[in-house]
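**Student:** Put chain B on the given structure of chain A with help from the hints.
2 protein chains.
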Amino acid sequence: MSARYVYFFGNGKADGSKDMKGLLGGKGAGLAEMTNVGLPVPPGFTISTEACTAYYENGGKVPTEVDEQMEQSLNALQALTGQQLGSTENPLLISVRSGAKFSMPGMMDTILNLGLNDATVDTLARKTGNRRFALDCYRRFIQMFGNVVLEIPKEKFEHELTALKQSARTKSDADLQESHLEELIATYKGVVNGETGDDFPQDTSTQLRMARDAVFKSWNNPRAITYRKLNGIPHDLGTAVNVQLMVFGNMGESSATGVGFTRNPSTGEPEFYGEFLTNAQGEDVVAGIRTPMPITKLGEVLPEAYKQLRDITSRLERHYKDVQDFEFTIQEKRLYMLQTRNGKRTGLAAVRMAIDMQREGICTKAEALRTIDPASLDQLLHPIFDIDARKKTKSVARGLPASPGAASGKLVFTADEAVAWAGKKEKVLLVRSETCPDDIHGMSVAQGVLTATGGMTSHAAVVGRQMGKPSVVGCAALKIDEKAGKVSVNGKKAKKGDWVSIDGSTGEVFLAKIATTPSEVLQVVSGKKKKEDSEIASTFFEILSWADEVRRLKVRANADIPRDARVAVAFGAEGIGLCRTEHMFFAEDRLPLVQKMILADDPVERRAALDELLPHQREDFYGLFKEMKGRPVTIRTLDPPLHEFLPKREDLMVKIAVLKTKDKKKNRKKLEKLQRLLQRVEELHEFNPMLGHRGCRLGITYPEITEMQVRAIFEAACQVAKEGGTVFPEVMIPLVSNVKELRAQKEIVARVAQEVMEKEGCTIEYTVGTMIEVPRAAVTADQIAKEAQFFSFGTNDLTQMTYAFSRDDVGKILTFYLDDKNKILERDPFQSIDTEGVGALVRMGVEKGRSARPGLKIGICGEHGGDPASVHFFHKAGLDYVSASPYRVAIARLAAAQASLDEKTARVGD
Amino acid sequence: MSARYVYFFGNGKADGSKDMKGLLGGKGAGLAEMTNVGLPVPPGFTISTEACTAYYENGGKVPTEVDEQMEQSLNALQALTGQQLGSTENPLLISVRSGAKFSMPGMMDTILNLGLNDATVDTLARKTGNRRFALDCYRRFIQMFGNVVLEIPKEKFEHELTALKQSARTKSDADLQESHLEELIATYKGVVNGETGDDFPQDTSTQLRMARDAVFKSWNNPRAITYRKLNGIPHDLGTAVNVQLMVFGNMGESSATGVGFTRNPSTGEPEFYGEFLTNAQGEDVVAGIRTPMPITKLGEVLPEAYKQLRDITSRLERHYKDVQDFEFTIQEKRLYMLQTRNGKRTGLAAVRMAIDMQREGICTKAEALRTIDPASLDQLLHPIFDIDARKKTKSVARGLPASPGAASGKLVFTADEAVAWAGKKEKVLLVRSETCPDDIHGMSVAQGVLTATGGMTSHAAVVGRQMGKPSVVGCAALKIDEKAGKVSVNGKKAKKGDWVSIDGSTGEVFLAKIATTPSEVLQVVSGKKKKEDSEIASTFFEILSWADEVRRLKVRANADIPRDARVAVAFGAEGIGLCRTEHMFFAEDRLPLVQKMILADDPVERRAALDELLPHQREDFYGLFKEMKGRPVTIRTLDPPLHEFLPKREDLMVKIAVLKTKDKKKNRKKLEKLQRLLQRVEELHEFNPMLGHRGCRLGITYPEITEMQVRAIFEAACQVAKEGGTVFPEVMIPLVSNVKELRAQKEIVARVAQEVMEKEGCTIEYTVGTMIEVPRAAVTADQIAKEAQFFSFGTNDLTQMTYAFSRDDVGKILTFYLDDKNKILERDPFQSIDTEGVGALVRMGVEKGRSARPGLKIGICGEHGGDPASVHFFHKAGLDYVSASPYRVAIARLAAAQASLDEKTARVGD
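Taken in sequence, the protein lines are chains A and B.
Sequential numbering of the first sequence, starting at 18, is according to my numbering.
Sequential numbering of the second sequence, starting at 18, is according to my numbering.
No wet-lab data here; the hints were simulated from the structure.
It should be emphasised that the depicted structure is a prediction, and the values quoted were computed from it without experimental measurement.
Since the list gives no way to pick one copy over another, a pair counts as held whenever it fits inside one copy or between any two copies.
In silico DSBU-like links for lysine-lysine, alpha-carbon gap of 35 Å or less:
#, residue 1, residue 2
1, LYS503, LYS679
2, LYS509, LYS690
3, LYS677, LYS829
4, LYS510, LYS679
5, LYS408, LYS509
6, LYS411, LYS314
7, LYS679, LYS512
8, LYS682, LYS509
9, LYS500, LYS512
10, LYS314, LYS382
11, LYS665, LYS840
12, LYS510, LYS687
Only chain A is shown next, with the shape it has when bound in the complex (with noise of 0.2 Å):
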């Protein structure tokens, strides 16, 4: 038996279904749904998925079965209609769209008025009685024809259609009469001949292949390609041809053609939402040169029609329980829907329909957090631009969308002077070559940070989501040029103090100031406004509270100081997954001391130092602690490998070397005192620092800096205890490989932890665990186990050593590799986590780590623990909590829930 590639759809009833969207695509599934419901749908066939694998499977070419099951299905609709394509006597008009799996704008996407030819034509215009009309169908399909499948390009066209209404001295298509039509089409058939060397097909059954094959090709065209990347759909689905009846909504002024949506896309308000003509066809609608009019307007022009499409698409919401996107056409006021999905909408609609369809009883809460795309949620988080600013204001480049948002700011090249300029109260943007732990000041006080290397987890890039902050990265046609003041972008100059804005969420770079709106979640979480005054965060948290009620996995934020942990905390977090101590040393007050540690030439002295740093560590948990309230608080000891507190080397060498030409004796002790620096940084220099000197490898070489840190975690913890406070800290010691690391260092911990109990007269409870982000340890997790308490997955690491991609360097790579011609990967592995690589590690750490440990806790501090695929990862590998930035907590729990009710549905379906 041959596979079955074509399925019917007419008169009531359909081969298909809407759940076989992945064969059919979403518009034949909607097709084929709303015809076994009843609704009036032109008759048609859809051409499936598998065709189209087995298109390029076979070379370009459809296997013999598409070609003959076709033929059945063509006939089978030529008999339901009592129309013949080619026929001159009743000819079949038909229409051929794309559809795939998940809607793709960027695709071939639809040819009217197929079967017309310089005989058909007439036909058309002796049935309808109206020779203007047949005339535009005609010329209208050879151009989307000579467009879509023989690739001309749409200008010499339109170059065409210009020229003659020129001659005809009028500027509106609707003006030109069948002469001019005629003319037109003859000028028509000689563009394509031109262009093609061949003349326009007259074979209708020719016409229908060719169209169908186009359709199939474009799968692969770079814009589909493209689209499919940034939306992380697989490359090997494939896309349907739909193959319908045409109808018209040209036929005068009792027709019409629209498009809509059940609630409004941009707001969620519950309002009847589109537009439509009178006497027009479905691309005139979106091409601009008639203005539609808003869909409820038709009420009054087609009252009739106009009712039962209201009627049609309420019971198409309620029958899909979700907002639809529809298309229909009204023929000489008989009403025919095209199509029907479900609709795309902003994060700020998707969290009012879901909450507005629960409450009418469209569908239950558990359906309506799987209408929420995630990472929308993240839209209601930032500024976003004004949205008529915004459209007046061209792009001049495109980096990578590090961390959402909008802003606008005064173009400023170091921390410094975004520092100095803020205290100002001016607004700056912050641009640099690339950011380094140094420059967290100027970041914190910017608008946001636009650097010209990196990529998604560069510093910029993390630390900009860590705080919110929007920043656009590695956007590689920024030159800077510091010194002088300027950059230049694809040709246009700025200087600083120049007003420079960015879209954190798209990557656009605008060199112009663009007005902004503040987040109201923000605002709420934040405490400058009430959530009882903002629908937009009631409807958020309420969200986010149904989640709660269905998601297995626990959600933890990535916090190391006081005001983040408070944000996480508004934003749901139940514990802080990770707290990068390091951080807290770049502070100003304490880069001294980290450094005079450093610099010791002996224990003694790096003791004194860590002395000094004690109190200041201590203070920081402290307030961790209190903000906390009992919640669980992983620390991490020191992770960093020591020079990154260091000047830089190649500095260093440079300073020495220009002050060797000058006055020796006047800088004699200058000199000495950076020649001593230069020896130290290049004792700590190191080739491959990511593989290098640090993370437990400190504390074991160093011991004394894990007591210091030990020590003032539990002096912290004794004094909240002391104060009546909860608190519960988790010590997570990093970058072990072996089991023997986290044993040693898991005796310090143990030992000046009880020292310091003694000495306080208090008992904390704590646990001791390990993070796993070298490929070792999770080979060896079993081993590992058997010392740790908890581990906690380091995603960003061991996706480094996974893959061999450092972190700091992999943006040209990614680049390439991401490209649509090379195809090498489909998305960025440090965004979303690499399933099958990284995530066998992780998948064979939990299960390693429970045989030895069984009901060991585990969760993820990564980068990924915001991602929504990922989550879904770390719910299936059996996870306990994934812990993202505060600012994507949301989320996460989102994603967590849908998880957990994707699981159901699964167990359901076995």
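**Tutor:** Relative to the frame of chain A, chain B by itself:
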């Protein structure tokens, strides 16, 4: 039933046997076996290694069962001998010795005469009629017990002995009278009390328990730990304790004691070898106070005992099928065997002994092969120091023994100096902080290389082994002041031109000239000497031919140039497992072309530079193919990051900064050129180049590089084929982490190969495979195997990424991790494969790879290919071949044979 901890031997039968080395230690198993065989062994018992483990688990105390079982065995010994421990009638005197599974100098060894106290010493005097003898035994016992059990420094006793001899005006112990010895015993007791606060224990049971526990404790003394680490002995085996009836070689001139080997352990000659002393106890032979006599002299002094000894040791050699290292004592003409074990030997001796023993019918070829430590073969390949000259010179420091062999030369600091001086026929030794590819010309003319930094897989180490050049690296004590032309090492100084010597087999460094003798094997391999003229080389190659008869693993070599390939073939390599094409790029005539290629602004310019490189690469491959005569040649496409070929970034920055301080007009052009160069270097700069733009990522971003390399390979192959040669290239793609990378590169290989073959009218059989060196490749090996025709594990990189250890930086961490105090690692994972972590990924890669492509050919081409323990692992993991540096091919052949033999034994044992 409680565990058995104590094993008796005596009266012709023993509880243990030679196969119980793990439980009884080597010595205990030997004593049991000798007893069972009927040899004259003083009776006693062995306390097992499990008691040692229990001692540590029990917090440094043996479980009561051990005490109980020891008591029983002691009773049995007392019954057999009719003597009682502590009895003043007939006192039992015993020895207590340590004995682990593997012979371990550095552990507590022996206590003699235990059972003596103030009372029993009188009985011994009375019964032997020799009070001086009894007193001497007692003072020796106090001294030994005081030192090894009570941990009193030896010097404290020696000091008293010397003082006594001075006051007695004698220089020899033998001249001390009874009264002197009585005085000395009193003084020694005073030392014990003074040092420990307790009296010397008079209770003989206490003496025994304390001695036993001291043996257990000595298992973890620093020297023992160091020894285990250097020799790869696990730390958890534990030691056994042997308690044995004392026999006395110091009961007059008819008594004697001695040690010996059944063959000469230095040369392997079949001569009875050893030394003895009459009227002496064991330690006198090695103490160096009296000069022992060669053992053949024993035939004259005590002919019957000698004849019995020759007879027994010959039997033992046949019994154990290996050369024996034995200890004996003759008490009043009666021979007692105290110990026998397989003798340690030099590489030279091992080969000779194996061949002789097989010829003499003592063992089979398989058994003979197993007597040779593969690593010791290395000793035959390198110059060694003249033994006498070496003895006279003291080493000043010790680094890592990176590439074996002895070298002596005049100190030079740069590669250019090395070349200049070598041109003047001077022998030079290159001393640098670290080496880089620029130094290769200097390394190749130097006698040896010494560096201050870097680990066992640093550049100097890898290239040193590759070249067979003696190298010591990471000698931290070495302070280099290149500008002043001076070095200082632990307070000693040397300047340019001074003689320096290094021993690459031990890591020792000498500031002196030491004469060396060249390797005969190497002279044969390089064609300077005929094999027939060298007995050493003949035996060496005969052993290898035996190994070939049993091994399953194939052995290839890593070789980049024809000269290395020739050496590899001479050593028996069956192919080239890794040709690093980038090594060819560093040659003086090519580097400018490579730089031109890298600095190219666009693909056209880059292609032009590549076109110039093509003939050079083709020539290289032609030479390799010719040399390998149809054996497979695995060629890896370009691997290292491109900036390795460019000037260092920091050097350029310094140059530019300095130039800027000078007359600007004069230097403008130079400055601009440098700035342009720096800009490109900055673009290529990476924070972690090991995880950066290298490996197949180069070939994917610059496909023209891969195209050029493939063209060169196939043009060379066609040329050889046309000349009638056979050739089998295997193109290997490095750093693949995702199957799509391999697919993309494979497509280029196939296309260009086809092009070349068509043009040349030639068909070359070839395969395309990949390195498995990124953890993700191992994890997704099933996907990768669908595209790869072979796998080659790059265990250097795989270790780097699995462990998060940067090869270039790991030195200081490893020093710390391998240190006795920390015991995080037992072995350097870059030297011997980490079977638990990296090894698990290798096993996974093999399993998944073959699941997708049954019979997939799999090899390994990291540094581990020449490490015997790793070769065993690779054999077990089911690999097809290992590829080692040419100079380690012989070691790999023998190790592979032993792995096959072990497997057979294991199967028989099933």
